[in-house]
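First to last, the sequence lines map onto chains A and B. In terms of my numbering, the first sequence is residues 817 to 1185. In terms of my numbering, the second sequence is residues 817 to 1185.
Source of the hints: derived by calculation from the structure; they are not laboratory data. It should be emphasised that the depicted structure is a prediction, and the values quoted were computed from it without experimental measurement. Where hints are given, some of them may not hold.
To be verified - These stretches of chain B come out as covered by chain A in the derived footprint (C-beta under 8 Å, 3 or more residues):
no. : region
1   : 888-901
2   : 914-927
3   : 1108-1114
4   : 1142-1149
Cβ atoms here follow ideal geometry from the backbone N, Cα and C, with glycine treated the same way.
2 protein chains.
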Amino acid sequence: MAQNIFEYELIAEDGDARAGVFHTPHGEIPTPIFAPVGTQATVKSLTSRQLTELDAKLVLANTYHLYLRPGDDLVADMGGLHAFMAWNGPILTDSGGFQVFSLSDTRQIDEDGVTFKSHIDGSTHRFTPELSIRIQENLGADIMMAFDECAEPYDREYNCRSMERTHRWAERSQAAQSRQDQALFGIVQGGVFPDLREESARFIASLDFPGNAIGGLSVGETKPEMHAMIKVVNDVLPQGKPRYLMGVGTPRDLVECIGLGIDIFDCVLPTRLARHNAAMTDNGRMNMMNAQYAQDERPISATCTCYTCQTHSRAYIRHLIQSHEMLSGTLLSIHNIHTLLNLVARIRAAIIAGEYQAFARAYLAQLKA
Amino acid sequence: MAQNIFEYELIAEDGDARAGVFHTPHGEIPTPIFAPVGTQATVKSLTSRQLTELDAKLVLANTYHLYLRPGDDLVADMGGLHAFMAWNGPILTDSGGFQVFSLSDTRQIDEDGVTFKSHIDGSTHRFTPELSIRIQENLGADIMMAFDECAEPYDREYNCRSMERTHRWAERSQAAQSRQDQALFGIVQGGVFPDLREESARFIASLDFPGNAIGGLSVGETKPEMHAMIKVVNDVLPQGKPRYLMGVGTPRDLVECIGLGIDIFDCVLPTRLARHNAAMTDNGRMNMMNAQYAQDERPISATCTCYTCQTHSRAYIRHLIQSHEMLSGTLLSIHNIHTLLNLVARIRAAIIAGEYQAFARAYLAQLKA
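Could you build the full structure based on these sequences and the hints that come with them?
Written as structure tokens, this is what we have:
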């Protein structure tokens, strides 16, 4: 059964922060962990060898995009997503719900599912919980997500109805699952309303998924609201299963939300910032196009052990940007992903050492400086 | 002295084809060899680690581009081109002449040099043989090129005057050289005129450069004309020094021109084709965007040992192209450069085995098929 394959070992707790290991058919995921995003079966600009060299432990791919192009049946024919993208480590696919609501031109939601138009060619498609699961089974990721609606966070009445539908979709997603080598995670919704979040967490927890996610955050609400929602939800979600905060990934968010008991994160930020010439560091972001770096022989970060920092100067990276050379995106993606993977690894070590609070305090002070 | 550092060992001859080793301060270059082009101090889309994994033996960089951006003084301040681009193997820089004549908006040539406008911002600059050498000494490549004019190939009267000026510029380039750890190569010109080519080869050979190049070919003349010029020139150029055919690099050209005694080639073709979705193979080019590859699980080439072919299917590469993912350019650049490096390595082995003719015949037959 899925619960046996997908064991979550809790190794240490430090306040609400947790260190663990989540077992999957493609390897162990040490938690807390950050997952780089490979929307279209590629973490933008990186080869799978470069992902391996980065020691990435979990990669996310997007169901909506892969359903539209190249098509999940084609991916299945090619042996599934692991074979298709030549990434033999753990993969997580989202349900497609978030992209249907954020990317498609028009959409109509009803009890059964969502009808939407493709952002690529305007063609009409329909997702239901059952189809989302069938697509995700075709893709074959280690972790798949229940189909949900990510609602606008401040409309209480709408969030109430949407949450209840998301709960019914969670049950239907669970019922639709046929493969036992994939872990299906449930998703808690409820906008910025503590009572709805608590109710949603109780319901999702009752379905006994091998892991649980918090959706609908980092979508416009304030940080105090986000943190309050995470607290309410994590007080309810079971200790013995991983908790995944969807779509979140600044260094500050990682540090703070791990302190609130989150185990898994994903975000396009490191690769998107890379394509916009920004380097993520423990002291904040650097705009590598800045003229001050033109003759700077130092690496982006003196203490960073990534390939980029071990190999190239700030001056070289700025030159690539000025010269419109795509290698800048590759080098900055390597650096930014390394920065986040290194950060979660250090937080994990701090939790195991019982020093999470001291680490977080020092890190956040440095980040502000 | 440069001649001692830059020894060319002739290992085998098979007809006019030669196998050798050219020694440089950054390592041995087995010849015949193909040099990928890193115009702006980066072989487009590839990290220096990927170049190392490709076992590239020589990389070309462009003096014109690096002079304009980031500036050769800056590169010198950063420790030279090897340190700047983190490529510790042999590098060759051209003289800037070809780009001045092909890229800059307007130019005025006189006995002393060329005044031109930057293709980047329209600013006015002037190259002389002395400045070209100073820039190339700032860049610090293992091999640098005499400043020359690449003239339109069919105007006899102009080629005559231009060639004589190129000869005077070759002497001035030689006189301007101050560093002894760089090999300066002379360049033979003369358009499509056998007598001019012969005269140019005699003159350039008389200057006793550690290596000699043939310029002004593959610029619009026919293949028979190109081959005739190479024959005339190589009959004159010394056996004991490497011969570099500038800017040439289709598989057919490599096979045929090695048979005419060429040792070194460079071309943007493998990376440019990669960015235009084309894979180079022993059987010709494949347009990887073609719908026939949509569900093709095979690698680009069944026998290819490159990272791309060892890792990914045609279907995946087509998906990346369809999805506008820049990784397709990286994967195809790796494959195409490997294809040419593998080709020259096989030709070299055939020459050493005394089987060049059989190899060339079989290869060219396969290429046509």
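To see whether the hints hold, each was checked on the structure:
no.	hint	in the structure
1	888-901	holds (count 6)
2	914-927	violated (count 0)
3	1108-1114	holds (count 3)
4	1142-1149	holds (count 5)
In summary, the one numbered hint that this structure violates is 2.
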